[in-house]
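Visitor: Using the hints, put the two chains back together into the complex; each one sits in its own frame.
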Amino acid sequence: MYRAYIKTAFFALLFTVFSGTVNAQEDHGHDNHTTEADGGRVNSKEEINAYIKHHLKDAHDFHLFSYTNDAGERKHVGFPLPVIVWTSEGLRTFMSSEFHHDDDGKVLVQKDGVTLTKLHSKIYELDNGATTVAFDEEHHPTNAHKVLDFSITKSVFGILVTGLILLLLFGGLAKQYKKKNIPTGFGRVLEPLVIYVRDEIARPNIGEKKYRRFMPYLLTVFFFIWILNLLGLTPIGFNVTGQIAVTACLAIFTAIIYLFSGTKEFWGHTLWMPGVPVILRPILAVIELVGYVLIKPFSLLVRLFANITAGHFVVMSLIALMITLKESFGPVGSTGLSLVLALFIMVIELLVAFLQAFIFTMLSSLFIGMAVEEHDHHHDEEHEDEILTQGEVEETRERFV
Amino acid sequence: MTGTLNLIGAGLIVIGGGIGLGQIGGKAMEAIARQPEAAGKIQTAMIIIGALLEGLAFGALILGS
Numbered sequence: 001m002y003r004a005y006i007k008t009a010f011f012a013l014l015f016t017v018f019s020g021t022v023n024a025q026e027d028h029g030h031d032n033h034t035t036e037a038d039g040g041r042v043n044s045k046e047e048i049n050a051y052i053k054h055h056l057k058d059a060h061d062f063h064l065f066s067y068t069n070d071a072g073e074r075k076h077v078g079f080p081l082p083v084i085v086w087t088s089e090g091l092r093t094f095m096s097s098e099f100h101h102d103d104d105g106k107v108l109v110q111k112d113g114v115t116l117t118k119l120h121s122k123i124y125e126l127d128n129g130a131t132t133v134a135f136d137e138e139h140h141p142t143n144a145h146k147v148l149d150f151s152i153t154k155s156v157f158g159i160l161v162t163g164l165i166l167l168l169l170f171g172g173l174a175k176q177y178k179k180k181n182i183p184t185g186f187g188r189v190l191e192p193l194v195i196y197v198r199d200e201i202a203r204p205n206i207g208e209k210k211y212r213r214f215m216p217y218l219l220t221v222f223f224f225i226w227i228l229n230l231l232g233l234t235p236i237g238f239n240v241t242g243q244i245a246v247t248a249c250l251a252i253f254t255a256i257i258y259l260f261s262g263t264k265e266f267w268g269h270t271l272w273m274p275g276v277p278v279i280l281r282p283i284l285a286v287i288e289l290v291g292y293v294l295i296k297p298f299s300l301l302v303r304l305f306a307n308i309t310a311g312h313f314v315v316m317s318l319i320a321l322m323i324t325l326k327e328s329f330g331p332v333g334s335t336g337l338s339l340v341l342a343l344f345i346m347v348i349e350l351l352v353a354f355l356q357a358f359i360f361t362m363l364s365s366l367f368i369g370m371a372v373e374e375h376d377h378h379h380d381e382e383h384e385d386e387i388l389t390q391g392e393v394e395e396t397r398e399r400f401v
Numbered sequence: 001m002t003g004t005l006n007l008i009g010a011g012l013i014v015i016g017g018g019i020g021l022g023q024i025g026g027k028a029m030e031a032i033a034r035q036p037e038a039a040g041k042i043q044t045a046m047i048i049i050g051a052l053l054e055g056l057a058f059g060a061l062i063l064g065s
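Chains as they are written, first to last, in the numbering used here: chain A, 1 to 401; chain B, 1 to 65.
Check before you lean on any hint, since a few could be wrong.
Simulated pairs of lysine-lysine, BS3-like, Cα-Cα distance not exceeding 25 Å [claimed, not checked]:
1) B:41 <-> A:209
2) A:57 <-> A:146
3) A:53 <-> A:326
4) A:122 <-> A:57
5) B:41 <-> A:210
6) A:146 <-> A:53
Keep in mind the hints are simulated off the structure, nothing from the lab.
This is chain B alone, in the form it adopts within the complex (with noise of 0.2 Å):
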C-alpha cells in the first residue's frame, strides 16, 4: 500500500516539476523573442531557476521514496 502511495507522490512530484519547467522555458522563449539581444541573460537566469526547481522536484522525490 506505502509503495503505491509513494508511485503517486513521485508522479505528482513529476508533474509539478514538469509544469513548472514549462512555464520557465515558455517564458524564456517569449522573452527573448521580445528582446533578442539578451539571449544570453535569459538563458542563463532560465538555467539557474530551472536548476533551483530541479533540485526541489529531485528533494522530494528522494525525501518520498
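Just chain A, same shape as in the assembly (with noise of 0.2 Å):
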C-alpha cells in the first residue's frame, strides 16, 4: 500500500517535470524556425566542440534544448536543480536559475553577505569588497574561490532517480517472493537477470561456497551501472557512468570488498610468494600489492568511465554532422548521414551499455574471487600434480606420434 503511494508520487513527479518541460516546447515552439540571425546557435566546428566537452560535464540545471524566438531571444528549455554550497560564511542553499543559465561567471547571486557566480559548471565565491570577476591570461579567476560544492548536480539527481527505480523494481521482486516462490508481473523480466548475474558471474569467478556472501553487491553494481548506462542513451541528457567520480567511487567499493575479505592464504600469497627464490620475493610483494590497491581499480574505473564517454562523444559528433556537412551534402542528405550513422552507433551504445556493466560486475567478482579463493591441497601435492600431468601429456604425445 505505502509502496503504491510512493509509486504514484514518483510518477506524477516525473510526469509533472516533463509536461512542464513540453508545455513550455509548445507555448513558444511556433517561433522556433525562423531568424538565421545568430543568437548563441551551434553553426561552427569549435561551437559544437565546445557544446559537446558541455555535455560530457556535470551540470548544476537540467537543460534539454536552447532556441531563438523571434525577437532573438536566446530560450532554454529545462528545469533547475538545487545549489547547496558551504561558503566561508557558512551554508547557502538556492535554486540554479538564480543564475539565468550563465557559465562564463557575469551573472552574481548575493546571499547574506556571500557574493556567488558560476563558471565553467564550477561555483565560485568572489572576495571581500570584489563587485566583478577579474581573470588571468590563462581565463582563470583572480579574485574568487572555489567552495565546497554539495548541490544536487545533474549526475547526483540521476543517481537518486536511479536509485528509486532500483528500489521500487527489486523491492517489489524480494516482496514478491515473501508471498510465493513465483514473481508474478515485471518481476518475471527480472528474474531471469538476477539468475544471469548469479550463475553466469557470481558463481563461476567467486565459488560455490563463498559466493552468497557478495551477491547483493554485485546485484546493486550491475544494475546501478546498466539503468545508469540507458539513462545515458535517453535525450534526457545524463552523462552519470561518464563522470570519472563516479566510476572512481564504484572501483573503490570494489577495492575495498576485495582487499577487506581477503583470506590468510590471499594476503600469504600477495606478501611472500612461495614458489620463487628468495631475492625475488620483496619486489613481487610490491608488484602485487601495488597491482591489487592501485592499478586493478584503477582499470576498473577508467574502463567505465572512458567507454561511456567515448560513447557519448561519437554520438553527438555525428549528429552534429548535420550541420558540420550541410553545406557539401545539403540539408537532407547531411540529415539522412548523420541519423543512420548515429542510429548504428545508438545500437552499439546500447549493446555497450550492457557490456560495460557485466564487465564491471564480472571483474569485481574476478578479483573478490581470487582474494577469498581457498587453497585445499599443501603446495608439495601441487608440485606432484603438475608433474603427473605433465606426464599424461607426454604420453598423449607418445600417443599421438
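Guide: Here is the structure:
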C-alpha cells in the first residue's frame, strides 16, 4: 500500500516535470524555425566542440534544449536543480535558476553577505569587496575562490533517480518472493537477470561456497551501472557513468570489498610469494600490492569512464554531422547521413551499455574471487599434480606420434 | 609540439590495442571453430581479456592526454 503510494508520487513528479517542459516547448515552439540571425546557435566546429564538452561535464541545471525566438531572444528549456554550497560564511542554498543559465561568471548571486557566481560549471565565491570577476591570462579568476559544493547536480539527480528505480523494481521483486516462490508481472523480467548475474558472473568466479556473501553488492553494481548507462542513451542528457568521480567511487567500493575480505592465503601469496627465489619475493610483493591497491581499481574506473564518455562523444559528433556537412551534402543529405550513422552507433551503444555493466561486475567478482580463494591442498601436492599432468601430456603426445 | 607528440602516442596506443583485440578475436574464432560446444566459455574469456586490454589502452590514453 505504502509502496504504491510512493510509486504514484514518483510518476506524478516525473509527469509534472516532463509535461512542464513539454508545455514550455509548445508555448514557444512555433517561433522556433525562422531567424537565421545567430543568438547563440551552434554552427561552427568550435561551437559544436564546446557544446559536446559541455554535455560531457556535470551541470547545475537540467538543460534539455535551447532555441532563438522571433524577437532574437535565447530561450532555454529545462528545469533548475538546487545548489547547496558551503561558503566562508556558512551554508547557502538556492535554486540554480538564479544564475540564469550563465556559465561565464557574469551573473552574481547575493546570499546574506556572500557573492556567488558560476564559471565553467563550478561555483565560485567572490572575495570581499569584489563586484566583478577578474581573470588572468589563462582565464582563471583572480579574485574568486571555489567553494565546497554539495549541490544536487545533474549527476546526483541521476543517481537518486536510479536509486529510486532500483528500490521500486527490486523491492517489489523481493516482496513477491516472501509471498510465493514465483514472481508476477515485471518481476518475471527481472528474475532471469538476477539469476544470470548469479550463475554466469558470481558463481564461476567467486566459487560455490562464498558467492552468496557478495551477491548483494554485485547485483546492485550491475543494475546500477546498467540503468545509468541506459539513461545516458535517452535524450534527457545524463552522463553519470561518464563522470570519473562516479566510476572512481564504484571502483573504490570493489577495492575495499576485495581487500578486506582477503583470506590469510591471499595475503600470504601476495606478500611472500611461495615457489620463487627468496631475493625476488620482496620485489614481487611490491608489484602485487601496487597491482591490487592501485592498478586494478584504476583500470576498473578508467574502463567504464572512457567507454561511456567515448560513446557519448561519438554519438554527439555524428549528430553534429548534419551541421558540419550541410554545405557539401545539402540539408537533406547531411541529415540522412547523420541519422543513419547515429542510429547505427546508438544500437552499438545499447550493447556497450550492457557490456560495460557486465564487465564491471565480472571483473569485480574476479578480483573478489582471487581474494577469497581457498587452497585446499598443500603446495607439495600441487607440484606432484603438475608433474603428473606433464607425464600425461607426454604420454598422449607419444600416442599421437 | 607537445600536441603532435601526444597525437602520435595516442595513435601508437590505438595500433597496439587494435593488434591485441585482433589477436584475441581471431584466436577466439579459431577456438570456437575447433570446439563449438565450448563457445560460451570462450566468449566469456574473450570478453574479459578484451576488457583488460581495453582498460590498459584507455589508461594509457588518459594518462597521455
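Visitor: Work down the list of hints and note, for each, if the structure agrees.
Guide: Now the hints, each set against the structure:
1. B:41 <-> A:209: holds (21 Å)
2. A:57 <-> A:146: Holds, at roughly 17 Å.
3. A:53 <-> A:326: holds (22 Å)
4. A:122 <-> A:57: holds (11 Å)
5. B:41 <-> A:210: Roughly 22 Å between the alpha carbons, so the hint for residue 41 of chain B and residue 210 of chain A holds.
6. A:146 <-> A:53: holds (21 Å)
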